Each structure stands twice: as structure tokens, then as C-alpha cells.
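Undergrad: Please work from the sequences and hints to get the whole structure.
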Amino acid sequence: MKIATFNINGVKARINALTDWLDDANPDVAILQEIKSIDENFPREILEDKGYNVETHGQKGFNGVAILSKLPLEDVTRGLPGAAGAGREGVDDEEARYIEATVVGDVAIRICGLYLPNGNPAPGPKYDYKLRWMERLYNRAQELMAAETPALMAGDYNIIPQAEDAARPDTWRDDALFRLESREAFRQIVNLGFTEAFRARESGAGHYSFWDYQAGAWEKNNGIRIDHFLLTPQCADLLNNCWIESEVRGKEKPSDHVPVWVDLAA
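Residue numbers for the sequence shown, in the numbering used here: -2 to 263.
Since the hints were made in silico from the structure, they are not lab data.
Keep in mind that this is a model prediction, so the values were computed, not measured.
Errors might be hidden in some of the hints.
What follows is a set of in silico ranges between Cβ atoms, one per label pair, in the way DEER data are often shown [unchecked claim]: (1) G121 to Y210: 19 to 27 Å; (2) V187 to G102: 24 to 32 Å; (3) V73 to Q139: 19 to 27 Å.
Each computed DMTMM-like pair below joins lysine to aspartate or glutamate, with the alpha-carbon atoms no more than 20 Å apart [as the list claims (entries may be wrong)]: (4) K47 to D20; (5) K248 to E45; (6) K9 to E45; (7) K(-1) to E199; (8) K(-1) to E242.
Beta carbons are placed, not taken as given, at the ideal position from N, Cα and C, and that holds for glycine.
TA: This is the structure in C-alpha cells:
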């Protein structure tokens, strides 16, 4: 089972780029972020005609996540459980940033698609929201680990885990994506027992999944790695490979992100 996570940065603006990529790459499952569309306006039929089951959790003009799957999708849930504010339990966030479904192949895989808040400017209310959201993600991650079944959390984490994940780490020191609190919160989730799939297969610097549209970042390879797969131990046992499809960034009207892939024996 080949699964890709891809921040498409506006499904309507990049529908041709998306469909061309789907035709060329042919993922079994595509986890999308920043669809920037309400569910009713998502171009469902175009993707269904290509053989995909489509589930979305959308929002007008901002955020929004989706799962496209050539395999059956079951037990779909929308929204990250927990409170939008500290101390308020059971209140779902108004921002559409999280979707889950079980993909049924030879092995059933629980897919958690996420678009973690950016958090800038930091410090400030947006950064506080990012850290609260990560606390809620930690709680959900604990539940996934306790279930002891194959599951993965994938998407745009808006986290640069280590200095080697940025071409110019010094320029990100005070950014919400690289602040120590952000990286510590990410590491706490990983330390529950998750495998960070890309680093399980690749080491060293020079591997990026995002290049800004400004200042010739793509041409200068001034990138960062912020799109990640975290696998439960039962899912990590199925991992064949993980890679970044960086060449997509050089195509016509690209997203500022590129797809990241896992190949699972499932």
C-alpha cells in the first residue's frame, strides 16, 4: 500500500496539478491538507472518476483536510478530539485540521490526516493555540498506541524537528516551526513509541518537503522538512520505504509543499 501526504495549498487553485499528480504517481491513499474548500464545494466527482473514495473535513478559504483512497474507507471521524482551550473538555476545534479513517487493504490501517497550526507570530495567541493543539494530538497519539494496531499520523506538522531539517536553521530559530517548545512537543509524541518514517530510512541534511514561493527558495534549495509520517509499532513493522517526491515542486503552478510517501506491506 503506497500512501502519500500532500499539502496541496488550495484544491481549486491546483486541481490540474493534483489530478496530473494522481495520474502520474497513482497513490493507493492520498492524505491532503489545506484544501481550502467547504465539503460541498470540494471537486469530489473529478477524483471519484479516477477511482478514489473521498472523505473531507473542509472549511471555507482556509485549512481543510481530506483522504482519497482507492481502497475502502471505514469509521471516518472529523476533528481532533479535545478542547480548543485549556481546561475545556469535549469541545471540538472550529478549524478543520484533522480527519481519521480506516483503510482496508490486506491489513487495516488507521489513517490520521492532520494539518497542525503554524503558530506564528510567536510568542502570542496563535502560538498558544499551536501548543494546545499539540497537547490534544499527544492525547490522541496515546490512544492510538494503546490500541496496539497499525496506525499512522501524517500530514503537514508545521514542525522542523532538527537543525538538519532546514537549509538555513539559524533563520528559523525564533519561528514557531522551530522554537524549542514546538520541537519538544513533537518529540514527546514521537517518544510514545512512534517511528518517524522518513528518518527511519534516511539520515543527514538536505531533505526538504517545503520551499517558500518567495526569494527563489526552490531554485536555491532553501527548504525545510515539515511534512511527516509517524507510525505505531504495528505499522512500522509494515514499513518498506519512505521518500520525498521533491521534483513535484518544479512543475507548473505547484504547491509550496511536495508529497511525502510511505510504502507499507499492507
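Undergrad: Taking the beta carbons of V187 and G102, is their distance inside 24 to 32 Å?
TA: Once the Cβ atoms are compared, 25 Å apart, the range 24 to 32 Å for G102 and V187 holds.
Undergrad: Would you mind confirming whether the straight-line C-alpha gap from K(-1) to E199 stays at or under 20 Å?
TA: It holds: about 18 Å lies between the C-alpha atoms, which stays within 20 Å.
Undergrad: What's the verdict on K(-1) and E242, does the C-alpha distance respect the 20 Å limit or exceed it?
TA: holds (13 Å)
Undergrad: Is the Cα-Cα distance between K248 and E45 20 Å or less?
TA: Distance ~24 Å between K248 and E45 Cα, so the pair is violated.
Undergrad: With 19 to 27 Å as the target window, see if G121 and Y210 comply at their CB atoms.
TA: holds (24 Å)
Undergrad: Verify the proposed pairing of K9 with E45, using a straight-line Cα cut of 20 Å.
TA: Since the Cα atoms of K9 and E45 sit roughly 16 Å apart, the hinted pair holds (cutoff 20 Å).
Undergrad: Look at the Cβ atoms of V73 and Q139 and judge whether their distance stays inside 19 to 27 Å.
TA: At 21 Å between Cβs, range holds.
Undergrad: Within a Cα-Cα threshold of 20 Å, do K47 and D20 meet the stated pairing?
TA: Given pair K47, D20 holds - Cα atoms ~8 Å apart, limit 20 Å.
Violated hint for the displayed structure: number 5, the only one.
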